[in-house]
Structures are given as C-alpha cells and as structure tokens.
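Could you build all of it, start to finish, from the sequences and the hints given here?
Residue numbers (the working numbering), protein chains in the order written: chain A, 31 to 123; chain B, 31 to 123.
Incorrect hints may appear among the rest.
Intra- or inter-copy, both count: the list cannot distinguish identical chains.
[Claimed, not checked] With a cut-off of at most 20 Å between alpha-carbon atoms, the simulated EDC-like pairs for lysine to aspartate or glutamate come out as follows:
#1 Lys73 / Asp96
#2 Lys73 / Asp83
#3 Lys73 / Glu52
#4 Lys73 / Asp85
#5 Lys73 / Glu110
Please keep in mind that the hints were generated in silico from the structure rather than gathered at the bench.
2 protein chains.
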Amino acid sequence: MPRFHARVLVSLRPSVLDPAGEATRAASSRLGVEGVSRLRIGKAVELEIEAPDADTARSRVELLSDRLLANPVIENWELELSEIATTNASLPA
Amino acid sequence: MPRFHARVLVSLRPSVLDPAGEATRAASSRLGVEGVSRLRIGKAVELEIEAPDADTARSRVELLSDRLLANPVIENWELELSEIATTNASLPA
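Next up, the structure:
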C-alpha cells in the first residue's frame with residue numbers, strides 16, 4: 031500500500047498570547063541579534079501513514095489534526111502531504 | 031529596511047526517543063486511524079526579522095537556531111526564509 035509523509039504545523043491562533051515566544055524574542059536581543067519581532071512557537075508533527083490513495087491519507091491526517099494534534103479552540107494547523115517514493119532497495123538483488 | 035519571514039523547524043535527532051510522539055501515535059489508533067508510523071513531534075518557530083539583505087537575515091537566524099531555538103545535542107533544525115513583500119497599504123491614500 032502506498033505510504034505518505036505528512037507534516038502538520040500547529041500554531042497558536044493570532045489572538046492567543048505566547049509567553050514562551052515572547053521570552054525567546056527577548057533572549058534573541060541578549061544574544062546580540064536585533065530586529066526580531068513576532069516570534070511565535072508552534073508544533074511541527076511529522077508522521078508516515080499508509081493509505082490506498084492520497085485523498086484517503088489526507089482525510090485521515092486531517093481528522094488526526096482536528097481531534098488529536100491541535101486544540102482548535104486556540105490553535106490553527108496546516109498540512110503538507112507527499113507520497114513516499116517506493117524504491118527497489120528492499121528487493122533481493 | 032527589508033523584513034524577512036523565517037520558519038525554523040526543530041526536530042529531535044533520529045537517535046533520540048520521543049515518548050510524546052509515541053503516545054500520540056498510539057492515540058491515533060484509538061481514534062480509529064490505522065497505518066500511522068514514525069510520528070515525531072518537533073517545534074515550528076515563526077519569526078520576522080529586519081536585516082539589510084537576505085544573507086544577513088539568514089546568518090542571524092542561523093545563529094539564533096544554533097544557540098537559542100534548538101539544542102544541537104539532541105535536535106536538528108532547518109530554516110526557510112522569505113522576504114516579506116512591502117506594500118503601500120500603510121501609506122496615506
């Protein structure tokens with residue numbers, strides 16, 4: 031069955047405060063890096079999923095994102111999906 | 031001065047265990063989504079930075095990534111950088 035690689039980027043909604051991000055932004059000045067603004071820290075979930083086709087894989091990962099990976103009250107998410115190319119590497123020579 | 035948008039994806043090195051990712055993968059089965067494997071949870075840091083040019087912006091964000099955003103002992107990071115298009119939206123009509 032085809033395998034797909036999914037990357038789900040989970041970010042806080044713009045209206046939600048991000049104290050960890052603000053602390054990190056302040057620390058960047060102390061490191062000598064000026065001009066940093068709007069630093070926000072989210073999650074990046076990488077996974078592989080087996081599915082008969084890309085549409086099925088996408089709908090399954092969308093379900094996971096809504097129900098498990100993100101809290102839709104305070105977080106948005108976006109999904110990048112790509113098929114993992116099958117190779118002959120595992121076949122006998 | 032030009033502004034740039036940076037996205038730094040911080041992920042655990044492959045040799046480092048990810049118990050939270052494993053727990054999330056197990057939970058996906060309980061939600062009825064089968065075929066999920068290799069689920070790993072990392073960080074996605076989004077920020078804006080002012081710099082005279084893209085090379086300077088990149089080297090500054092690389093410094094932040096190495097020193098502040100990621101722990102190089104257990105984490106890898108990758109950087110995506112793009113210039114923010116300036117518009118006339120803030121000029122008086």
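Tested hints:
| no. | hint | result |
| --- | --- | --- |
| 1 | Lys73 / Asp96 | both (14 Å within a copy, 18 Å between copies) |
| 2 | Lys73 / Asp83 | neither (26 Å within a copy, 28 Å between copies) |
| 3 | Lys73 / Glu52 | both (16 Å within a copy, 15 Å between copies) |
| 4 | Lys73 / Asp85 | neither (24 Å within a copy, 26 Å between copies) |
| 5 | Lys73 / Glu110 | both (14 Å within a copy, 16 Å between copies) |
Violation of the numbered hints given earlier is confined to hints 2, 4; the remaining hints are satisfied by the structure.
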